[in-house]
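Just so we're aligned, residue -19 is where the sequence shown starts under my numbering, counting upward by one.
Since the hints were made in silico from the structure, they are not lab data. There may be inaccurate statements among the hints.
As the list claims (entries may be wrong) - Simulated restraints on C-beta separations:
| id | residue 1 | residue 2 | range |
| --- | --- | --- | --- |
| 1 | Val5 | Asn109 | 39 to 47 Å |
| 2 | Ala(-8) | Ala36 | 51 to 59 Å |
| 3 | Gly59 | Thr8 | 47 to 55 Å |
Model, not experiment: these values are computed from the prediction. Even for Gly, the Cβ is constructed at its ideal location relative to N, Cα and C.
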Amino acid sequence: SESFTVVASNAAASNGASATASGSVTTTIADTGTLVLSLTGDTVVAEGGAPSYTLAITSGQIPVGSTATVDLSITLPGGLTGAEAPDFIESFLKDLQDAAETGVTVGTANTVANVTTVGLTLASTFDGNFTFTLPTFNDTLVEGSESFTVVASNAAASNGASATAGGSVLTTITDNDTLALSLTGDT
-19 SESFTVVASN AAASNGASAT ASGSVTTTIA DTGTLVLSLT GDTVVAEGGA
31 PSYTLAITSG QIPVGSTATV DLSITLPGGL TGAEAPDFIE SFLKDLQDAA
81 ETGVTVGTAN TVANVTTVGL TLASTFDGNF TFTLPTFNDT LVEGSESFTV
131 VASNAAASNG ASATAGGSVL TTITDNDTLA LSLTGDT
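Kindly generate the complete structure, drawing on both the sequences and the hints.
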């Protein structure tokens, strides 16, 4: 919110009569807008491909002199159907750093169990769309499809304005490898 004050002072009458002025009024402009950040992305990618994701401002804007922060997380569940770090060419942090553009500062990575979170700081020069890819590794393992999730959360504005982030994208890496068996022997 922003405030301004109007003060009455220095009254004068053109005919010379006595005049006084007093009082002041402070008006606060309530900011009812919310900065809304949304994550969208590819839900399926062939092994060796690079799914693409976009974090976008869908409502509001970052004022000059202010910043917004948001967390991006990747969950790698592992196991038979969950993606793991070796399924990617680079780390989540490196992929975000490679995609960083004017107005986007990539923080450090924090990994707890199978979730890696990276904080982004968005300046007023941010153009409203941050697109990044997560190139997958084309291995020769016959492993079936594997999935992972990318999430945007914990938005905040440095000026205290309301901010929110949403979007959870479940992406499936489809395996492109086939197990070929042949039987040989004496006839």
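Hints versus structure:
| no. | hint | result |
| --- | --- | --- |
| 1 | Val5 <-> Asn109: 39 to 47 Å | holds, 42 Å |
| 2 | Ala(-8) <-> Ala36: 51 to 59 Å | holds, 56 Å |
| 3 | Gly59 <-> Thr8: 47 to 55 Å | holds, 54 Å |
Violated hints are absent here; each numbered hint is respected by the structure.
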